[in-house]
Amino acid sequence: GQQVMQIPQYQHVQEGEDFTTYCNSSTTLSNIQWYKQRPGGHPVFLIQLVKSGEVKKQKRLTFQFGEAKKNSSLHITATQTTDVGTYFCAGPKDTGNQFYFGTGTSLTVIP
Amino acid sequence: DAGVTQSPTHLIKTRGQHVTLRCSPISGHKSVSWYQQVLGQGPQFIFQYYEKEERGRGNFPDRFSARQFPNYSSELNVNALLLGDSALYLCASSFTSDPYEQYFGPGTRLTVT
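Residue numbers (our numbering), protein chains in the order written: chain A, 1 to 111; chain B, 112 to 224.
None of these hints come from the bench; they were simulated from the model. This one's a predicted model, so the numbers in the text were calculated from it and none came from an experiment. Beta carbons are placed, not taken as given, at the ideal position from N, Cα and C, and that holds for glycine. Don't take each hint at face value.
[Said to hold, decoys possible] Pair by pair, the computed Cβ-Cβ distance ranges are:
#, chain 1, residue 1, chain 2, residue 2, range
1, B, P181, A, T81, 40 to 50 Å
2, B, Q128, A, G41, 44 to 54 Å
3, B, L194, A, P111, 18 to 28 Å
4, B, F180, A, G16, 43 to 53 Å
5, A, E67, B, E162, 32 to 42 Å
6, B, T222, A, G41, 32 to 42 Å
7, A, P111, B, K141, 42 to 52 Å
8, A, K51, B, R168, 27 to 37 Å
9, B, S118, A, Q3, 26 to 36 Å
[As the list claims (entries may be wrong)] Pulled from the structure, derived: some chain B residues nowhere near chain A, Cβ distances all over 12 Å:
#, residue
10, S118
11, P119
12, T131
13, Q148
14, G151
15, S176
16, N182
[Claimed, not checked] Stretch by stretch, here's where chain A covers chain B in the computed footprint (C-beta under 8 Å, at least three residues):
#, segment
17, 153–159
18, 216–222
One chain only, chain B, in its complex shape (with noise of 0.2 Å):
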């Protein structure tokens, strides 16, 4: 069975612009997460959703948004990005919504130049 996947794998960008990142969980599983990992850091949490609604939000600003859709894949939306907003993105499946173990998938790095 294939793991998490992630696209794009890396991605270069410019302040001000926007970003849509994506992930598709491993299959069964309805529960995706992102977070957001600096350099040097561990894993942030951003958002978790659960059967397409949202269970969850970290402490991050409203230019970050995501969505999740009926195949169960998600999207990460990222606004007037910032120089500060390179990082690399991690999306999480898990089978549940309650805390379960987490499979991760191999993340988009994003630069803003």
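The shape of chain A in the complex, shown without the other chains (with noise of 0.2 Å):
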């Protein structure tokens, strides 16, 4: 069936470093969607990406979907302990309108 794999599954920065989530599908995604969840907290959506190639930035995240529209990455720039959360990705199924999530990244921010 199929799979939405993320790597890293942890990540500890320092405040101020970079940061940089993977996302991977088995199968060829018609759109991708990032999330974030704080700790304790429900999953906020980030962002939608639909086409190949894509590349979508807000302040110091960028979103970029792949070529193949079968992986995507999260690039954070200059972390801040505000980043803190796991990150996920979620794709739909081939039909109707399941989405599978990915294993997400658990990024923490040491000050």
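Assembly of the complex is requested from the two constituent chains, each provided in isolation within its own frame, with the hints serving as guidance.
Written out as structure tokens, the structure is:
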């Protein structure tokens, strides 16, 4: 079945360092979404990418959708303590409206 | 505007019992999805409803059922609870049934003993 994997599973960075998480799907995705979940909280929508090779930026966050639409990445420049949380990618099933969430990358920022 | 609301926030049940979880979507949103999130894992899709019809079902046993009401609120029912059903149950609403940004509620923490 379809699988969405993320690496790394955990990442500890010093405040000010950059951070990248990678998302890989076993099948082609029509679109991909990114969510952030703070400890004890619920997932919060960050962005949706639809086009092959698409790149979107939100302040210090850069999202990229691969040319083959099977992988994606989230890059954070100059991390801050407010960036702490688990970042999930989510892709829809080939048919229907089911979303498969990735395994998540837990980011810890050390002040 | 109020976000997605869920009730109850916490629930403790015994094996074999049944449970009903409730969700109210953001005003104007017609799609509601349910997810199960076990500690340390990503949310797992259970159901999606749009305009009171089931639009998607994840790989969960028939003990799990759901419905959506005319006001677009939704209920998730789980029968014959197992210890493994202990998890955070998240409801997410979106404007349409198409892949679109989803707004999650705070979740219901279910503990089965």
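How the hints compare with the structure:
Against the hinted window of 40 to 50 Å, the Cβ-Cβ separation of P181/B and T81/A comes to about 45 Å, which satisfies the hint. Remark: the range hint 44 to 54 Å for Q128/B to G41/A is contradicted by a beta-carbon distance near 28 Å. Checked against the hint of 18 to 28 Å, the pair L194/B and P111/A fails, with Cβ atoms roughly 39 Å apart. For the pair F180/B and G16/A, the beta carbons lie near 49 Å from each other, so the given range of 43 to 53 Å is met.
Look at E67/A against E162/B: about 36 Å separates their beta carbons, and that is inside 32 to 42 Å. Between T222/B and G41/A the Cβ separation comes to about 19 Å, which falls outside the hinted range of 32 to 42 Å. At about 43 Å, the beta-carbon gap between P111/A and K141/B stays in the expected band of 42 to 52 Å. Between K51/A and R168/B the Cβ separation comes to about 29 Å, which falls inside the hinted range of 27 to 37 Å.
Judged by the Cβ atoms, the range 26 to 36 Å given for S118/B and Q3/A holds: they are separated by roughly 33 Å. For S118/B, the non-interface assignment is confirmed: its Cβ lies about 14 Å from the closest Cβ of chain A, beyond the 12 Å cut-off. For P119/B, the condition that its CB be more than 12 Å from all CB atoms of chain A holds, with the nearest at approximately 15 Å. Listed as outside the interface, T131/B is consistent with that label: its C-beta sits roughly 20 Å from the nearest C-beta of chain A, beyond the 12 Å cut-off.
Its closest Cβ contact with chain A, about 8 Å, brings Q148/B to no more than 12 Å, contrary to its assignment away from the interface. With a cut of 12 Å on Cβ distances, G151/B falls inside the contact zone with chain A, its closest approach being about 8 Å. The claim that S176/B lies off the interface holds: its Cβ sits roughly 16 Å from the closest Cβ of chain A, which is beyond the 12 Å cut-off. With a closest Cβ-Cβ approach of about 21 Å to chain A, N182/B is found to remain outside the 12 Å limit, as its non-interface label requires.
Only residues whose beta carbon comes within less than 8 Å of a beta carbon in chain A count, and the segment 153–159 of chain B has 5; three or more means the coverage holds. Proximity of the segment 216–222 of chain B to chain A, defined as three or more residues with a beta carbon under 8 Å from a beta carbon of that chain, is established by the 3 residues found.
The structure does not agree with the numbered hints 2, 3, 6, 13, 14 stated previously, though it agrees with the rest.
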